[in-house]
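**Student:** Below are the chains, spelled out letter by letter.
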Amino acid sequence: MNDGVDLLTAYDRQGHWCEMFGGDGAPAEHASMVRDRLGGVTLSDLVRRSDIAERELYNLGITFTVYSERDVIDRILPFDVIPRIISPRDWDIIERGSKQRVNAINLFLHDVYHEAHILKDGTVPAELIYGNAYYREQMRGIAVQHGSYVNVCGVDLVRDQFGQFKVLEDNARTPSGVSYVVENRHMMQRTFPDLMAEIGIRPVSDYGQKLLEAVADLAPSAVPDPQVVLLSPGVFNSAYFEHVFLAREMGVPLVEGSDLLVEDDRVWMRTTAGKAPVHSIYRRLDDAFLDPDVFNPESMLGVPGLFGAYAKGNVGLANAVGTGCADDKAVYAYMPRIIRYYLDEDPILDNVDTHICREREGLAYTLSNLENLVVKPVGESGGYGIVIGPRATKEEIDDIRVKLEANPANFISQPMIDLSVCPTLIDGMIEPRHVDLRPFVVTGQSCWVLPGGLTRVALRRGSLVVNSSQGGGSKDTWVLEP
Amino acid sequence: MTIGTNLLLARYADCAFWLGRYVERAESLARILDVNLHFSRDSRGSQNWRSIVQLNADEERFDKAYDVASYANVVHFYALDRDNPTSIISAIRAAKENARSLRPMISTEMWSHLNVFNNLMNALTPDDLKPSELSRVCAFIKEECQTHTGITEGTFFRDQSWFFYLIGRQVERADQTTRLLDIKYHLLLPADQRVGSPVDVSQWNALLRSVAGYHAFRRVHPRGMSPKQVATFLLFNMSFPRSIALCLSEIDGHLHHLKAGFGLRAGNVSMELLDEARAALAGHNQDSVVQFGLHEFSDYLQRQLIAITAAVRQEFCGVVPDSDAD
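Chains as they are written, first to last, in my numbering: chain A, 64 to 545; chain B, 18 to 343.
A portion of the hints provided could be inaccurate.
To be verified - Some chain A residues judged to face chain B by a derived CB distance under 10 Å, without partners named:
(1) Ile-115
(2) Tyr-121
(3) Leu-123
(4) Phe-127
(5) Asp-137
(6) Leu-140
(7) Glu-178
(8) Phe-304
(9) His-306
(10) Leu-317
(11) Glu-319
(12) Met-332
(13) Thr-334
(14) Gly-337
FYI, nobody ran anything at the bench for these hints, they're computed from the structure.
Backbone N, C-alpha and C define an ideal beta-carbon position, used for all residues, glycine too.
Starting from the given sequences, assemble the full structure and let the hints guide the process.
**Tutor:** Structural data, given as structure tokens:
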């Protein structure tokens, strides 16, 4: 350890855009105060406090849970104590861009499940929607309060070597991770109060109340004081901690499917005093498991009759059923066109250039540039099935070529983005590691973006994959006050 | 927009009941192991570890897993055996899993403490159970259970779930006391001639200490100690926290509070069963209960507690009897 030396002196961003230092000719002025303060912390102190933070996360049970045959194993999402700092200017772009995107997605979903203009006129290929596993024919013609389909949206952003934010994908079903945004902040407040003192950092602690308002907005209009609940698959779900966290923050009961029942198209929960009405549900359960009468009949997690109550307008659901056809990687490629179609605006946040392999030109370009492109299957999430051309072996390239030729519509390709980095504590040293950003957009009657978001960091050297299932951790994300 | 404090999910009520029970069970087991180590010796002066197995009616399961009721086997069975659902480690794990379900309701401190406690239990090894270490480990477990109790007292929101938690704790506590009484009387008093012998007094002395009742007993009976006095004390004393009478009285208070304070209409069967048990207790004195047979009476109380558990769970939580084992 190099105690006595400025913590960041030996740090080298290795040519990448750095969230703490900026890029070539564009130093990150907004982070200078934090840089100076970090410089005053010794490496051994940083390591010590990082250990405390990690132990505390474990003790507090801020964990995702892995169940084996006889053991219940709680794992923490690795937490890096060096924060990621976002300037008010950058945040303005992110905030406006995310709202624009969610607005367009909601208009798109309303159209898809009603007149379907955008499909009929061929702006988006109809088979992309009707052939999509997450398209729900049952939603056709069903009215959704305020036309608000995607009430919680996670917009995954990356930043390229020029400092530009780009959308990597939309998460319009049940995006997770917001509990870490809030808990990471609490952890930093406990372990690094000196680092944060007198820096205007926008608060993230009112997420639960904003979410509650949005979900309550979905209740039948005639109900003055709606009963909101959070529906979880239960303790065996790996995101159960987050469900608990959100139920507590919202101040609503956390229910499982068996706690609810439907009679005469109305939803009730079982209480010690008998049944009590439920008017709006923040559900963390996929469509397929929601109602065995309508979707997967094998589902033990859902509530028989729930969709009927929803279709009658007697209960609100966040997110709406059938939003998954809008966050598909294939539909993603059309998002700039979708934004222009409904809003007549240019996208504030650009997509990463995307080649649609179902289109002849896209496929041809992809096949002749495989070594330089990232190829992604459209139906997967969690970073699975991705082939990164510049890093792939010859066998992997050959393999993906065969798959592409066999089923081109299943793939998109994108240039390899040089993701921005952030100084990160790795084995007692400060090293650059790649990060992304997931802001959370909450929409009921109106739209609000949590000023922060989940910064995921790829802890493996050189890795671009930030998913927690593949060795990712997280950082506190500070949006500075304007 | 939020749930009224007078509404409680039925499932939460059940989890609160079991959280109270499991922590109480862990504490009782730690007391029994500790006391047996120190005080309980049979007529030949060796410790009788099989009595603990009998006390918990676990002979069948124990004999299946272990060949002899040695110190090491019995202590392992009750402290660290994950396959034994009535071991301390299983009780704490079950308490934690119930707390996990209850997390939306309980304080972060309660959850965090149980989480750490469970992790500490998992870190124990057979080496920690050696005779030289057992007392320290039992003290640790007792103290962690008491820490849980203290945190809970100080942070648990006093809604319905608090009362279900307390009912669970008192049912378990009463059950543990009946088991202690039963085994000592049943095993140690086969014939009248033993009464009053030095060995016998040490057994009753141990029994009182296992429930932290020796000094409490002395406040009622400054001199002497007869089996009848000890049994009477544990059954009827209205000031001793682990006596059956006090436990039943507290359960009664909690059930009344649920009905009167929270307006719950359920609970009539639970109340009736509890009234029966209290009436049976009130109908006895120290002589009649011995005449009736302490074993028979303990047995009756245990069956009544099982029935009360089933009734509370069915009436308030909608749990169909025998749909799951404890």
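**Student:** Do the numbers back the hint for His-306 of chain A, that is, is its least Cβ distance to chain B under 10 Å?
**Tutor:** holds, 8 Å
**Student:** Can you verify the interface hint for Phe-127 of chain A: is its Cβ closer than 10 Å to any Cβ in chain B?
**Tutor:** violated, 13 Å
**Student:** Just to be careful: measuring from the Cβ of Thr-334 of chain A to every Cβ in chain B, is the smallest value less than 10 Å?
**Tutor:** Cβ of Thr-334 of chain A sits 5 Å from chain B, so the hint holds.
**Student:** Measuring from the C-beta of Tyr-121 of chain A to each C-beta in chain B, is the shortest one below 10 Å?
**Tutor:** Status holds, d = 8 Å.
**Student:** Can we keep the Leu-317 of chain A interface hint, with Cβ of chain B closer than 10 Å?
**Tutor:** The hint holds - Leu-317 of chain A has a Cβ within 10 Å of chain B, the shortest such distance being about 4 Å.
**Student:** Min Cβ distance, Leu-140 of chain A to chain B: is it shorter than 10 Å?
**Tutor:** violated, 16 Å
**Student:** Is the interface hint for Glu-319 of chain A satisfied, with its Cβ closer than 10 Å to some Cβ of chain B?
**Tutor:** holds, 7 Å
**Student:** Are Asp-137 of chain A and chain B close enough, Cβ to Cβ, to be under 10 Å, as the hint says?
**Tutor:** holds, 8 Å
**Student:** Minimum Cβ distance from Leu-123 of chain A to chain B below 10 Å?
**Tutor:** Status holds, d = 5 Å.
**Student:** Does the interface hint hold: is Ile-115 of chain A within less than 10 Å of chain B, judged Cβ to Cβ?
**Tutor:** violated, 14 Å
**Student:** Verify the interface restraint on Phe-304 of chain A: the C-beta must sit less than 10 Å from at least one C-beta of chain B.
**Tutor:** Hint on Phe-304 of chain A: holds, closest Cβ of chain B at ~8 Å, below 10 Å.
**Student:** For the hint on Gly-337 of chain A, just tell me whether its beta-carbon gets within less than 10 Å of chain B.
**Tutor:** holds, 8 Å
Violated hints for the displayed structure, listed by number in ascending order: 1, 4, 6 and 7.
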